[in-house]
Each structure stands twice: as C-alpha cells, then as structure tokens.
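Protein chains in written order, with the UniProt record's numbering: chain A, 1 to 302; chain B, 1 to 251.
Honestly, the hints are just simulated from the structure, not real lab data.
Be aware that one or more of the hints could be misleading.
Distance windows between CB atoms, simulated [stated by the list, open to error]: (1) B/F77 to A/V118: 20 to 26 Å; (2) B/I143 to A/E126: 39 to 45 Å; (3) B/Y35 to A/E126: 24 to 30 Å; (4) B/V144 to A/E126: 42 to 48 Å; (5) A/K115 to B/N43: 40 to 46 Å.
Which bits of chain B does chain A cover? Going by a derived footprint, with three or more residues having C-beta under 8 Å, they are [said to hold, decoys possible]: (6) 28–37; (7) 144–151.
With a straight-line cut-off of 16 Å between C-alpha atoms, the simulated EDC-like cross-links for lysine to aspartate or glutamate are [to be verified]: (8) A/K98 to B/E57; (9) B/K205 to B/E176; (10) A/K67 to B/D36; (11) B/K91 to A/E138; (12) A/K193 to B/E111; (13) A/K94 to B/E57; (14) B/K108 to B/E71; (15) B/K210 to B/E141; (16) B/K34 to A/E81; (17) B/K195 to B/E183; (18) A/K115 to A/E81.
The beta carbon of each residue, even a glycine, is placed where N, CA and C say it ideally should be.
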Amino acid sequence: MAHATPQGIKLLNGWKRPGRFDKGLGAQLPDAYKKFWREWKLTTPAAVHYIPKEQQWERDEVTHAIKPVQNIPLPLIDPPEAHQGIWGGEAVIKGFQKRHQTKRRVPHFWVPQLKRSVVHSQVLNEYMSVVVTERTLEQIHECHGFDHYLLKNLACDLRSALALKMKRQVLQALQQGCPNLADEPKLQKEVLKEYSQYLESYTPEEIDWYGHTYLEAIRKLQNKLREAERVQPHKVEFRSKLIDQLRQAGINEAGSATKLEKPATTDGEHKDSDIEALTKLESPSASSSWLSKINPFGKKET
Amino acid sequence: MLKSISQLQVHFNLLKSATSLQQQVRTTFILKRKYDPLLHKTNENPRRMRAKNFIYELVEDTQVKKRPNMEVVLKTFVEGVGDKGDVVSLKPNFVYNKLLLPGLAAYKTPENIEKYAKTEAEKSTVQHSSAYAQRTVNMLESIVLAVVMNKDQPWVIEPWHIKASLRKAGFHCKDECITLPNERIEGPDLKKEGKDFYCTITINKLEQAKLKCRLHHWSTDPSERLPYVLEHWKIPSEPLLGVNLPSEKNV
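Using the sequences plus the hints, can you model the full thing?
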C-alpha cells in the first residue's frame, strides 16, 4: 500500500509532517547549512538555569521509593534583543512563583541582568561594544579570550545570532589568513598558529553557510539562484553582434579592435559610445549647432 | 533516520564541549521546579506539562555572589599594579576593563608566563623601584605644601622644616629624601609671605617628585598673627625671587 502514496516507501516508518527543510526553498538548502542548524537548534545546550542531576536513579526522601531521573530542561525564551547582544546562553524564563502556601501562584519572568561592555577580537583586530551578561564575560575569561570563546563553544551554547555571525566572520578571517592583521606580520603568524586548530572541524562550504538564521540562509540561497540564471537581454546581444559585423566590414566608427580586449564589465559602456559615434555620423553636422535647438513657434517665456 | 543522525550529532557535540570547557560557570538565576513532571517512557517525548510544573523556586542567584579574583600576567609595567612579567590577582572587572582590554596584561597560561617573563637585560636596568612609587610621586606633585615659619624669630629653611610640613600634610619621609634649592631662604620676611619655591623629594632613592611649597608666617601671639587665608592653594601666587629649582648635582 505504501508504494501508492506520494511519500512512497517512507510512509512505512509513519507519517511525517514536512518540516522547513522538506518543502519549498528550504529543501534546496545545502547540507552544510543543515549541519549548522542541527548544531544550533536541535542540540541540547549546556544547563545554565538549572542544575542537572548527575545520577541515573534517585530515592524519594519520604517514601524511599526509587525512581529514574529524567532531566527535562526548563523552557527558555529568546527575545529579539537576545539576538542583538551576546547573553552567553542565558535567556528569559517564563513561569510562576508560589509565594505563599495558601495563595494562588503568581506569574513571573526571570530576566538576565544585562550590561554594555567591550569585547576584543584578536583575529578581526577589533574592539566591539556589545550587550553582555556577567556569564558571557566569565566564559570569555575561562576560554582565555573572546575568539576562543566563540570558536570553542557550539552554536547552541552561543545561542545569539550576533555571536554566530561573529563566529562566521572569525572563521572566514582565519581561512583568509587574518587580513586585518596584515600590518603586523609577526602577530599575524602567532594568531594563525594559535587559532588554526579550530579550522580543522569545518569545510569551506560549512564556514560559508555557518551562522545564518533561516531567513538569511533563504535570502543567500535566492541570491545564488538568481546569480546562476541571470538572463541577458536580446538587445545587448544583438547590439554587440551588429558592432562586430560593422568592425569586420572595416568601418572606422565601429571602434578599433583594441577595444575588444578590454574586460567585459566595461564593454557595455564602450558599445554605447560607439553607437553615439555612429548616430553622429549619420546626422548632418548642422544639427549640433545652437540654432537647431531654437524653436521659433514655441511658447514665449515671460 | 534524520532523528538518529541528529542524536548522534548531539552525542558527539556534547562530548566535544565537555572537553573544551573545564568547568561550568553560572552567573545567573538558577531555578528548580517545585513540582516535578510525571515520568515519561524512555526514548519518548516528555508528557505535556501542567501549569503547576511551571512553578519555579529560586535555588541561587549567582549575580549577587562575590566573584573570586582573577590572575593575569602583566605585559608591561603598570602603575599601582606591578612590573612586567608579574602574575597579579585582582578583581575581575578591574582586570578586564583596565588591564586586558587595553592590552596591558594577558591571561595566565604557562605559555604567557614564559613569553612575558623579564629577560636578564631588563632585570639589570631598573626603571621602577616599586609599582606604587609613581602613585606617591603623583600625590606629591598634585599638592601645594604649606610651610609655616615663625614670624618673630629668625630662621633659615632646612630639610627638617619640609619634613615637618609634609608630616602635617600626611606624608612621612626622612631628611635625606628632601633636596632644597641651592639658595638660602631666610626669614622672617613678610615680602616672602605666600610665595612659592620648589624642592625635590626622592622616593626609594630612585623616583623624584617636584614638590611645590608655599611660605607662611605664624606667630605664637594671637594678636600678632596674619589674617587667616581660606584655601591658600587655590589662590594664584608668585615664585620666590632669586630661588631656582634644586639642581640635579645635589640630588
């Protein structure tokens, strides 16, 4: 029966709702982006707002009954502001407080304390003012630097779009050999030696697709597709053909052959100038004089 | 299939992050559920949670805890902190904002300690007697020292006069540290009232501070005393005539 359905043999494992990578443009996204997406969204991040229980089983204090431990993480909320700063894995928690035994529970939001600080990226050779939390700074100190913090941590732990974008920039800079440090070759060498170990776990394509949000990835893909199927208007094609024919016929005004050797980007402008020269040749020379511009029957200016 | 791949990925990634991060840091709210959700089947999604499973209790707010000091290696001499190659332990905010971001220090790692250690040549040329000497120099150069002399008895200014005046201003030093101008300053002379001269204070036999002193006359007899001048150090004044800076030879 399964072969009769549009899903085919896949239906044997049960019906699966098409996700964002199964339909539309999302299906065309490369595996490099899907890998990043899994790292960012489908990996369980390190426990920040709760202490996970290490043991496999626990005993109830009152009844002494043994039951398994199932660590269910607290649901976290990432407001848009979290993606404009680097919160170091922290997020907003929405829940309730039971403030008194006999009173109704009260809704409460636990929001991290934010502050604006400066972070320094050695690879990009830049100081950046960003909104951070104390935890971010502590993690930076623990990793011995902002670049190490970005490169060591997984996307799910970095959490914010800004940090991921910076990580991509750092990786790209490392790939190109730190162009921002070109003034100091000695330092550049040291930095490359220190950070090149992180490049091993990424292919160039993965770096290219790293750290984009879903919407950004779709835009990037659309731009790529548009680039691939760019249509040249027939007007341009036929015009260049005509000019070639004129050149072969040996007409001087069609331009000399040396112009042909120039790069293709500036070719269009030259063609336009060629055509102007041609039209000038056709029209009588008097037409360019100022007399021709005067219209004796036009409205008088008052 | 995809699910199993992602789980594999998760497992791999978790292992990787565990190796890179030595210790979990927490500076945030740490919560725990007041009522644990019911157990779910293994390898299945958790049950749908009830509202009471979202009642949280605060375990700890690490934001209000005192944070331990941080250790860094100094790259250069830093006034009030230490010399090049020193490993100093200070408050984390000060370390980050004043030392790490301006590039005066590096994180304490075995490579950095070795890299920024003082070489033999640097050790032999002593530039600073101590990390705190420059602070004393700055303090001495920022004040105008009131030198109060007798209005009735004759005197010549000697180092111990300056020493006593400095003690009144809260600085303690020895006579040898004070270098007076070459010219004798004699009194009592009311023409010299409120005039300035400079003397040099040598700290730890190395750093030198230029101290601005101002002469005042004072009498034991209250009726003879000059009128009190409020905050004389804010009033512009003239230098003493014929008294130069202490020359370098005498220092």
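Results of checking the hints against the structure:
1. B/F77 to A/V118: 20 to 26 Å: holds, 23 Å
2. B/I143 to A/E126: 39 to 45 Å: Once the Cβ atoms are compared, 42 Å apart, the range 39 to 45 Å for A/E126 and B/I143 holds.
3. B/Y35 to A/E126: 24 to 30 Å: violated, 48 Å
4. B/V144 to A/E126: 42 to 48 Å: Given range 42 to 48 Å: holds, Cβ gap about 45 Å.
5. A/K115 to B/N43: 40 to 46 Å: Since A/K115 and B/N43 have Cβ atoms about 42 Å apart, the given range 40 to 46 Å holds.
6. 28–37: Check passed, 8 qualifying residues.
7. 144–151: violated (count 0)
8. A/K98 to B/E57: holds, 8 Å
9. B/K205 to B/E176: Distance of about 9 Å is within 16 Å: holds.
10. A/K67 to B/D36: It holds: about 12 Å lies between the C-alpha atoms, which stays within 16 Å.
11. B/K91 to A/E138: Given pair B/K91, A/E138 holds - Cα atoms ~12 Å apart, limit 16 Å.
12. A/K193 to B/E111: holds, 13 Å
13. A/K94 to B/E57: Holds - the C-alpha atoms of B/E57 and A/K94 are around 12 Å apart, at most 16 Å.
14. B/K108 to B/E71: holds, 6 Å
15. B/K210 to B/E141: Holds. B/K210 to B/E141 sits at ~6 Å (cutoff 16 Å).
16. B/K34 to A/E81: Cα-Cα ~29 Å, so violated.
17. B/K195 to B/E183: holds, 15 Å
18. A/K115 to A/E81: holds, 13 Å
In this structure, the earlier hints numbered 3, 7 and 16 are contradicted, and the remaining ones agree with it.
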